[in-house]
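A.B. asks: Here is what each chain is made of, one letter per residue.
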Amino acid sequence: MASYSTLNSNAQSQCGNQLRTFSKSINIATAVYTNGSAGYNSSTATHNSTQTFSDGGGPNSTYNNDLGGGTYTGHVIRDEDAYNSFANCVRGTVDRIEAVTGNRSYDAYVCHTSCHTSCHTSRGRR
Amino acid sequence: MSMDPGDINSWVQSYGGPQLRTFDKTINISTNVYTNSSNNSATAYVNSGTSSASTNHRFEYTGANNNIYNGYYDGGISSGSIMYPQDIVDTMEDIVRRTVDVIEGRYTNRSQSHYVCHTSCHTSCHTSRGRR
Numbered sequence: 243m244a245s246y247s248t249l250n251s252n253a254q255s256q257c258g259n260q261l262r263t264f265s266k267s268i269n270i271a272t273a274v275y276t277n278g279s280a281g282y283n284s285s286t287a288t289h290n291s292t293q294t295f296s297d298g299g300g301p302n303s304t305y306n307n308d309l310g311g312g313t314y315t316g317h318v319i320r321d322e323d324a325y326n327s328f329a330n331c332v333r334g335t336v337d338r339i340e341a342v343t344g345n346r347s348y349d350a351y352v353c354h355t356s357c358h359t360s361c362h363t364s365r366g367r368r
Numbered sequence: 209m210s211m212d213p214g215d216i217n218s219w220v221q222s223y224g225g226p227q228l229r230t231f232d233k234t235i236n237i238s239t240n241v242y243t244n245s246s247n248n249s250a251t252a253y254v255n256s257g258t259s260s261a262s263t264n265h266r267f268e269y270t271g272a273n274n275n276i277y278n279g280y281y282d283g284g285i286s287s288g289s290i291m292y293p294q295d296i297v298d299t300m301e302d303i304v305r306r307t308v309d310v311i312e313g314r315y316t317n318r319s320q321s322h323y324v325c326h327t328s329c330h331t332s333c334h335t336s337r338g339r340r
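Protein chains in written order, with our numbering: chain U, 243 to 368; chain X, 209 to 340.
In isolation and in its complexed conformation, chain U is listed as follows (with noise of 0.2 Å):
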C-alpha cells in the first residue's frame, strides 16, 4: 500500500533528480578593442567567455506536495490530481532554473596592457 506521503516522498526525490540534471554551457562573445598592429582593421578582437548554467544542489523539496492529494493506494485518482500534478512539477521546474540563472560578470581584457598604458600615461590621455 502507498501512501501519500510515500508517493510524495517518491516525487520529490524523482523529479529533484531530474532536476538536478539541469546543466547547459554556452560561450558568450564579446566584441572589445585589442591591438591593432596590422593597422586600422585589426582594431577590434573578440574575448571568449564560457558560462555554464546549472542547478546540481535543486532540493528535493522543489516538488513538495505537487503530487494531487487523491494520489494514493486504494483512493480513486481523479482526474485533476493527474493533471494538477502535471503542472505542478513542471511549473517548479521553470521557477526553480529560472532562479539559477543569474547576472554574470567576468573580465575581458583583450587589448595589450603596455599599449594602453602608452595610451594613458600619468599625465593624461595622449
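Hints may contain errors.
Derived Cβ-Cβ restraints for the label pairs, each shown as a range [claimed, not checked]:
#1 X:E268 x U:N307: 22 to 30 Å
#2 U:G311 x X:N317: 17 to 25 Å
#3 X:I235 x U:G311: 19 to 27 Å
#4 X:D232 x U:S303: 41 to 49 Å
#5 U:A271 x X:R314: 13 to 21 Å
#6 U:S347 x X:I290: 15 to 23 Å
#7 X:S218 x U:T294: 30 to 38 Å
With a cut-off of at most 20 Å between alpha-carbon atoms, the simulated DMTMM-like pairs for lysine to aspartate or glutamate come out as follows [unchecked claim]:
#8 U:K266 x U:D337
#9 U:K266 x U:D297
#10 X:K233 x X:D309
#11 X:K233 x U:D297
#12 U:K266 x X:D232
#13 U:K266 x X:D309
#14 X:K233 x X:E268
#15 U:K266 x U:E340
#16 U:K266 x X:D212
#17 X:K233 x U:D321
#18 X:K233 x X:E312
#19 X:K233 x U:E322
#20 U:K266 x X:D298
A few chain X residues facing chain U, derived, Cβ under 10 Å [what the hints assert, rightly or not]:
#21 N236
#22 I296
#23 D309
Calculated from the structure, these hints are not laboratory results.
Backbone N, C-alpha and C fix where the C-beta goes; we use that ideal spot for every residue, glycine too.
Given chain U, put chain X in place with the hints provided.
C.D. replies: Showing chain X alone in chain U's frame:
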C-alpha cells in the same frame, strides 16, 4: 468514468505546455574592459584603466508548443490496465526530465559589443603603421 492513456497524454501536454511557456528570464552580463583613463593623476592612473559594460540577455520559451510533451507519460499506463498512483509519479518524473532538456536547448550562445575605450584614443595608439 475510467482514465485512459489518451487522457494522460492529453493532460501532460495541455497542463505542462502552459507552464513551460512561463519560462522567461533576462540576465545582465557585465564585462570589465579597457577604457579611457584621461585626466588621471599619477596616483590614480592604475586604478582607472578599466571600466565595465553590460548587455541584457533573455532566455525564454514563451512560444513552446504543447506537443513538446506528447508521449511523455509513464510506460506502465496502458489501455485496459489498472493505473497505479506511482504511475502518476513516474509521469511527473518523465515531464520534469523533458522540461529540463527543452529548457537547456534554449540556452544558446550569445554575442555582445562592449566598446568602452575612446575610439580616437585607440586609433592614436594603433596607427596604420602599426602599434606605437
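A.B. asks: If any of the earlier hints don't hold here, list their numbers in rising order.
C.D. replies: Failing hints, ascending: 2, 3, 4, 6, 16, 17, 19 and 20.
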